[in-house]
Amino acid sequence: MTVNQVQDAIVEEFAVFDDWMDKYNLLIDMGKDLTAIDSKFKTRDFLIEGCQSKVWLHPELRDDHVYFSADSDAIITKGIVGLLIRVLSGRTPDEIISAELYFIDKIGLRQNLSPTRSNGLLSMVRQMKLYAMAYKATGKK
Amino acid sequence: MPAVWSNVVNYFEVKTIAEIRADFPILNTKVYGKPLVYFDNGATTQKPQCVIDAVNEVFTFYNANIHRGVHSLSDRASEEYEKAREKVRSFINADKREEIVFTSGTTGSINAVAFSFGERFIREGDEIIISNLEHHANIVPWQMMCDRKNAKLKIIPVNDNGEIIPEEYFKLLSAKSRLVAVTQVSNALGTILPIDKIIEAAHAMNIPVFIDGAQGIQHGVTDVKKLDCDFYAFSGHKIYGPTGIGVLYGKEKWLTDLPPYQGGGDMVENVTFEKTTYNELPFKFEAGTMNFPGAIGLGTALDYVLSIGRENIAARETDLLNYATSILSGIKELKIYGNSLAKISTISFLLKNIHQYDTGMVLDKLGIAVRTGTHCAQPVMDRFGIDGTVRASMCFYNTKEEIDILGTGIEKVISMFS
Chain A
301 MTVNQVQDAI VEEFAVFDDW MDKYNLLIDM GKDLTAIDSK FKTRDFLIEG CQSKVWLHPE
361 LRDDHVYFSA DSDAIITKGI VGLLIRVLSG RTPDEIISAE LYFIDKIGLR QNLSPTRSNG
421 LLSMVRQMKL YAMAYKATGK K
Chain B
20 MPAVWSNVVN YFEVKTIAEI RADFPILNTK VYGKPLVYFD NGATTQKPQC VIDAVNEVFT
80 FYNANIHRGV HSLSDRASEE YEKAREKVRS FINADKREEI VFTSGTTGSI NAVAFSFGER
140 FIREGDEIII SNLEHHANIV PWQMMCDRKN AKLKIIPVND NGEIIPEEYF KLLSAKSRLV
200 AVTQVSNALG TILPIDKIIE AAHAMNIPVF IDGAQGIQHG VTDVKKLDCD FYAFSGHKIY
260 GPTGIGVLYG KEKWLTDLPP YQGGGDMVEN VTFEKTTYNE LPFKFEAGTM NFPGAIGLGT
320 ALDYVLSIGR ENIAARETDL LNYATSILSG IKELKIYGNS LAKISTISFL LKNIHQYDTG
380 MVLDKLGIAV RTGTHCAQPV MDRFGIDGTV RASMCFYNTK EEIDILGTGI EKVISMFS
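Sequences listed follow chains A and B, in order. Heads up, this note's numbering is the position in the first sequence plus 300, with the first residue counted as 1. Heads up, this note's numbering is the position in the second sequence plus 19, with the first residue counted as 1.
Hint data in this document are derived by calculation from the structure and do not stem from the laboratory. Computed from a prediction, not measured in an experiment: that's the story for all the values here. Do not rely on the hints blindly, as some may be mistaken.
Under the rule of at most 25 Å between Cα atoms (straight-line distance), these lysine to any residue pairs were calculated in the SDA-like manner [to be verified]:
#1 371/B to 325/A
#2 384/B to 334/A
#3 384/B to 408/A
#4 332/A to 88/B
#5 384/B to 409/A
So that you can see chain A by itself, here it is in the shape it has in the complex (with noise of 0.2 Å):
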């Protein structure tokens, strides 16, 4: 499936929901569902800074694809990153360089989010770009 087709994916999955509390529920499951990340990353390196709760991502790269894990502290959070690697994770640094993420809007999470909280999620994208671009720049890491 291509980056859009993804988005597209979790857009329809949380339509079905009108209630905040049951996207809520939604996001709980996606966060536990999340593969956990090698505890050797969950340092200070892989922080990312911005987020009310903590946040730790690692990138690999590997055939020319760049892989993330991820964990939080905070469950909601582990399901919004948990969305971001589903959307992101096992593409190339291009299609992540270029990708535009609309699913955050369409499926209310930054309108819901407040600015501060927003960042968090901005944040998590901007880190994911930058890895990327690493990638792409270096050619492999």
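Based on the hints, put chain B in the right spot on chain A.
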């Protein structure tokens, strides 16, 4: 139901709680279709209509720069601004209007004293005493001053209940101590500090005391003369007044002795390129165009608080605290941080294995506004080995029904995340 609540009488002889709530238009707001439960009063309080009207009236009828014009509008604005100063003086029972300086807020007041006092009195090796319960605003300005002057910051430790340990404080007082700067009430835990005893012990050694009243002034009667504190600071927006206005009280002898904090218009008597002489108190510390609409709004807020009665407010809030403590203590997954017997109506807590951010996000969707995080008091969090809490800070316009909604909301959070 705790005995204290079932015996509750209507403290507001002047108004019913419904009438009080009607004074605050925002309390009628709905969020996500649910009635707002505003439990973030520690961050900022809501404004009664009379305060909103007072600020509107300034801009509608008599907006003009103060202390400058010869014209009628400027006269009126200056007069109302000075009336507000008198209201503040009377509210905290200061001796003289010269001792009341308007600032941008508590943070502004602390920075002013940290700078001016530091310039005038602090030498290398001197010590400033603060507590482990301070808001960052009562830590960082003193740290900056210590860096400039090669002075040292000494910290009064706290016990597991979130109370300062008096014996440790007494040990810190020494011939090197130049100032004690402590908070009246912990913003993160709600602990009321024994500032009268803190001041008494410092004064016994001739050490002046600065009190950060940001979380104290709105919860009862503060009398600076009785306390005998040397400096006292508070913010307008935490006592139902506008944002961007605050107060610095300083004993006249100190304010006379201290150099100005900022230079500019209005704070001068005479300016030449060779030498400038400063204006008299309190104007020496009020450089530039002051936030006079804010000051006037603050004066109105203080009138409002007096019309309800500070003793009534304190009694009502004690009842709310007792009720909320009993409801929240009944939730076995919930742990309260800050168990001092002397507390304002603030409860800081964590739910077992649930991040404070998750709790706050879900409570928000239920219409309940709480604060999550470190509350700008990281050293307090470090003391308890946590990286944040959920803080429900209540005030007199909150109700028992709202506390019930919080209790139900917390149960919902627990069921969602377990």
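Consistency of the hints with the structure:
no.	hint	in the structure
1	371/B to 325/A	holds, 19 Å
2	384/B to 334/A	holds, 24 Å
3	384/B to 408/A	holds, 13 Å
4	332/A to 88/B	violated, 66 Å
5	384/B to 409/A	holds, 13 Å
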